[in-house]
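Participant: The lines below spell out each chain.
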Amino acid sequence: MSLLEVKDLTIDFSGEEATFQAVHGISFSMDEGKTLAIVGESGSGKSVTALSLAQLLPPEPACKVRGEVLFAGVNLLKLNSRDIRSYRGKRIAYIFQEPSTSLNPVLTVGFQIEEAVRLHQPSLENPRLEVVRLLEQVGIDQPSRRVRDYPHQLSGGMQQRVMIAMALACRPQILVADEPTTALDVTIQKQILDLLKSLKEQTGMGVILITHNFGIVSGFANDVLVMFRGTIVEHGSAADVLKNPQHPYTKALLACVPRIGERRTRLTTIDYAQL
Amino acid sequence: MPNSEPSSPPLLEVKNLKVYFRSGGISRFLEEEHEIRAVDDVSFEIKKGTTVGLVGESGSGKTTVGKAIVHLARPESGTIRFARTDITHLNRRLMLPYRRKIQVIFQDPYSSLNPRLTIESTIAEPLQIHFPEMDKNARRERILELLTMVGLEKKHLSRYPHEFSGGQRQRIGIARALAVKPEFIICDEAVSALDVSVQAQIVNLLLDLQEQFHLTYLFIAHDLAIVEHMSDQILVMNHGKIVEHGPAETVCSTPAHDYTRKLLAAVPKF
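Keeping their order, the protein sequence lines are chains A and B.
Counting from 1, one number per residue, gives the positions in the first sequence under the numbering used here.
Counting from 276, one number per residue, gives the positions in the second sequence under the numbering used here.
What the hints contain is simulated information worked out from the structure, not anything from laboratory work.
Where is the CB? At the ideal position from N, CA and C, for every residue including glycine.
Just so you know, not all the hints are guaranteed correct.
[What the hints assert, rightly or not] Short, incomplete list of chain B residues facing chain A, as computed with Cβ under 10 Å:
id	residue
1	Val345
2	Leu347
3	Arg349
4	Met409
5	Gly442
6	Ala475
7	Met505
8	Asp507
9	Ser528
10	Asp533
11	Leu539
Please construct the entire structure, taking both the sequences and the accompanying hints into account.
Facilitator: The structure is reproduced here in structure tokens:
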């Protein structure tokens, strides 16, 4: 059985006059310990899909989520605000695009990670030790000194490592990474992706990677979902989708990634009228 | 390279440029003076109609090089020549014509547009400064022409920045830069904040505009794949110094410096 099963998920946002349907009845599933990449452009519905899994979208009537999100058989969409907490952050953890906006600027990073540790592992006697261990696990140098740093004292890549440490504090079964490297340099992007890959192997957690860039999917994800205007246009193993894309939108999205060795030619752009 | 003749003099010449930052304020009394050599003895030239790519990680000093050219950072020493004129120490009044000839397109199209100005006022501002003789009708016509050039429409004139997507805002930034008929444009991470699909559109737009107006670019970015795509020559910068430079295809196919190899290895391959 799949660890996560999404069935006929529909997400509506209601405005003053009209309702906008961001996601139109999509279904997919994910096995334990696997990596699923959801690829699409801004506005394709990929982020709201990810947020809906742990009830992170605004409540009704602003936003209406229908369908089923089954986590080990439990429909998360039906849980009340108290019961969802044993899933949100704990079994399904999130990291987001801009680490500097996810961290509190007036608290040390050690305090912020410790908060997560205390909440999810209340039986621990010395949570500070766990914080240092987590920082070490995400590859931060001199972790016992770094716990006293404030977010502004860390680079973007280090801040994202702190966010990952915080997410790991709950020992989640699924880590949702929503554009985790979009705000980072390509060299730092590679470091963070390598880190996520090795953490996945160490802990056995599954990862849902949300991205607009097909370039980072290869060598990282097992399966790929391609989203376009709120629907899934292609779904398959990463190797198949990358090598042999079927849908014209997938082909176009793959073609617009710049590659080394193609100098001063026009890049392929997506012709939306053709889709 | 369609537009460059090896014999033509460079449009921009940067020689032994050094920009240092010192910790100021109270920390100067508390600590030893701390000096950061953001740009440390950098020299390069750009021929008219060509693109030089400047690549490096955050903190390598690449943005500071661009800032020094337009007097947004003060050089410690070195010279910057534009069309053979030394512009390094020109005062505000004498620099004004060069501010027209040299334009900048910034990374973040959200923070580089004034949220309280309509698109028409945003693009009108540089025209009012550099072409004060232009009357209102002529100005409006010019703004419309610019919007069409970058793929926007007349209906967008009276809208505000928040009503546009990231890619559209970058187009507005490009229209504003083009408004004053520049010769040289510094693109500082101009496509880095955009989705790959939108990035491709903006790259194509920059290439088309270069051909149409014979523009010269300094293309600053951290992603070697996109820099290679845009550039004739590439400069690789690390810790304030240029560690490698050469024709784009040479730098990318046979990188000589370890740091360039590291940047190349970071480009996703599939």
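Participant: All the hints need checking, so say for each whether the structure fits it.
Facilitator: A quick look at each hint next to the structure:
{"no.": "1", "hint": "Val345", "verdict": "23 Å, violated"}
{"no.": "2", "hint": "Leu347", "verdict": "22 Å, violated"}
{"no.": "3", "hint": "Arg349", "verdict": "25 Å, violated"}
{"no.": "4", "hint": "Met409", "verdict": "33 Å, violated"}
{"no.": "5", "hint": "Gly442", "verdict": "9 Å, holds"}
{"no.": "6", "hint": "Ala475", "verdict": "4 Å, holds"}
{"no.": "7", "hint": "Met505", "verdict": "7 Å, holds"}
{"no.": "8", "hint": "Asp507", "verdict": "8 Å, holds"}
{"no.": "9", "hint": "Ser528", "verdict": "7 Å, holds"}
{"no.": "10", "hint": "Asp533", "verdict": "13 Å, violated"}
{"no.": "11", "hint": "Leu539", "verdict": "7 Å, holds"}
Of the numbered hints given earlier, the model fails hints 1, 2, 3, 4 and 10; all others are met.
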